[in-house]
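Undergrad: First to last, the protein sequences are chains W and B.
According to our numbering, the residues represented by the first sequence are 1 to 637, in order.
According to our numbering, the residues represented by the second sequence are 1 to 254, in order.
Bear in mind the hints are in silico, worked out from the structure with no lab data behind them.
Quick reminder that beta carbons are idealized off the backbone N, C-alpha and C, glycines included.
Treat the hints with care, as some may be off.
Going by beta-carbon spacing under 7 Å, a handful of chain W positions derived as facing chain B [as the list claims (entries may be wrong)]: (1) Arg-70; (2) Arg-136; (3) Arg-176.
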Amino acid sequence: MKLDARIPSGPIEKKWEKCRFDMKLVNPANKRKFSVIVVGTGLAGGSAAATMGELGYNVKAFCFQDSPRRAHSIAAQGGINAAKNYQNDGDSIYRLFYDTVKGGDFRAREANVYRLAEISVNIIDQCVAQGVPFAREYGGLLANRSFGGAQVSRTFYARGQTGQQLLLGCYQALERQVQAGRVTMYARHEMLELIVIGGKARGIVTRNLVTGKIESHIADAVVLATGGYGNVFYLSTNAKGSNTTAIWRAHRKGALFANPCFTQIHPTCIPVSGDYQSKLTLMSESLRNDGRIWVPVQKGDKRKPSQIPEGERDYYLERRYPSFGNLVPRDVASRAAKGACDEGRGVGETGLGVYLDFGDAIRRLGKGVVAERYGNLFEMYERITGEDPYTVPMRIFPAIHYTMGGLWVDYRLMSTIPGLFVIGEANFSDHGANRLGASALMQGLADGYFVLPYTIGDYLANTKLDMVDASHAEARQAEADANGQVKKLLGIGGKRTVDSFHREMGKMMWDECGMSRNAKGLEKAIGRIAELEQEFWKNVTVTGAGEELNQSLEKAGRLADFFELAQLMCRDAKERNESCGGHFREEFQTPEGEAMRNDDDYCYAAAWEYKGPGKKHELHREALSFEYVHLAQRSYK
Amino acid sequence: MKLTLHIWRQKNASSPGKMVRYETDANEHMSFLEMLDVLNEGLIAKGEEPVAFDHDCREGICGSCGFVINGVAHGPLPSTTVCQLHMRHFKDGDELYLEPWRAAAFPVIKDLVVDRSAFDRIIAAGGYISVSTGSAVDANALPVRKKDSDMAMDAAQCIGCGACVAACPNASASLFLSAKMSHLGLLPQGQPERMERALNMVAAANEGLFGSCTNIGECEAVCPKGIRLEFIARMNRDFLKAAWTFRQERVESD
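Next up, chain W with everything else stripped away, as it sits in the complex (with noise of 0.2 Å):
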């Protein structure tokens, strides 16, 4: 298989704008003659159902949450990157293109971020236009402030919120096209198999959870924003029924699935307090702006951290990376705090924790000031731990929260299967190794309101589409697997529960695909997740019928396809033979323990290919080349 990334020629700053020109048009009387399929209603694809709604297209849109303002998207809290450079520091399309490539360690497409930073300042008028409400200055126009791997402020937020408040955008202009029929909303659905006829994406098969009923829904192109697959580890900071369903089921009709080893470990989230723990919850990265990370110089120091003098605290970030200091990016804030908790000096009672201290900014600016920028953060925290940040720091640790990687994609957000495009985080392409803060609700939008529109467009224009219905073989086919899963899982009558199994996974793929990883143990988690799974298809059990609303029989399909997809995160990590980014590999550092990169052999996106049930993946590479941001190690010292 040869694949084609199909990025236009030219200079970088004139590809989107050819690329646009190029692509054929959809007459407007002619787009309600065709219907898109969109999975997911979060940031991207809330946003692109309802531009292509607006464009005039018949929408079926679905998610598996009771309402599409629900998705995860919500959660995200510190910020949205954009070029705007109202702060007049130095900012730039070409600076946010540049930080975006080298803060992903090199492992992104030069082309499609660029597109990314110009479309950024694009995505900031369109929010405030729906009435986002934006933090703003006495004067009436917008704040920005600053966030890890980045020297200038171009982050714009709503308090901690910003995602909520983009998604509530989204979400209200999606109401918009529903009520004016262009879109057709089945919330409470779940995506379980991709349609393929011809070679060609023409629809998906639907669980209602409500009712357990099974169908198919036929469209003329399908696109899946169904996020990311971070829940695979059992404890991330993602939402309980984020999932890799729908792109895994995509994976196996053919789609090839890039850089799935490569994962976000994000500095600042509340260290795990117990066995029962069903997720993490994240502190914003801005919260770096204003509080010092520090652990005690002496190993094993139990002293209260206000007994600690100055003299025997070790800021690290700042004393190991002077020019970035503790606004360093995610992947090397996390590492440093893993290396702090790994030399014994970590904090709390499991000594899995480092501080976030917000003493001397209360001290600087007032604790007025520091509530209003993150007062809502605080009290999250207060509400979890039950201590008050405000007089005592507060203790974070690493936890995972994004994944890089996803289903491969050309320039134009098409997978490897015709008529199958897929967007925001479910996709592999802006990020590379490492996303900066602020970057993914970025990302989504710009996929979801300002390329998906337009892409998806000249693929309906240039492609011939048959008719076809939901009786066709294919279909048909797809819906009886779909049902086969569902009675398999339930006839099983096994001992042990969906959630004990993906603990036992999680916890092997923190251990060993987690924050750095080494070939023995990656190998090693291979075999484990292979017998656990197959363990797994023996004895689960799984009450409840299928004609009705059943939890454990969601959970249980989603980590059905959870266990294939850490076999292959494991094998992928095994398989790139280099650290960059967000995956570190124990064999490759530099003596000062800094990620090696190695450029003459890995210098490529990683795209597997599914070769049938049992079967090894095959593994395809797409060569990376930098022509304006030259390769180079990263530094942030």
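Given chain W, put chain B in place with the hints provided.
TA: Quick look at chain B alone, frame taken from chain W:
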């Protein structure tokens, strides 16, 4: 700590439900939903059906979760969703009664899960600013007074969980409606549609079987996001003004 739970169990919308008693263990660091997870793991191990409840982000922002604990929507802690409610606020031997939101507009789907799609229909009726993608001006072309922007944000924080409806003796959705109308109505971008928005959203709420507001204030007391009662006054002002302003137009179109 040992707890006695009485939980509303209802197989589906058409079957009758009843309270069922359970004994369970918890520790103070758990969230309320984690306590239910532990209960459910035990039920599944015994071959019984776990208690169904909606939840997703477990960070208090998605608005999925919510049920009534001892008569209070989202439980005893102010400004807190059940997913953020930790067991350190309860004590050994507590007896807790868990029920779904009760409102004609929110029919029970199963156990503690209810159908809140009426909220989506209210937003679809006018809870937006009509601006199609691509037609926006530069974001700083339209300055917004910081005070207005901040107050719009206060209102925009609503997570659509439905606690306000569950707590209201009239099952009114006024706090929810007014939060959206205030968010958009306080901003210059929201002015052109402000009056129609008030009329259309209120009409959708009436169709959705929500009751009327009699200023009782239970909604504000249980709102996990601190949405204030004063937004309802704003809504009423807009609605009354719109009802008069558009009277002639409506007569003509009728």
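Undergrad: Enumerate the violated hints, using their earlier numbering and listing them in ascending order.
TA: none
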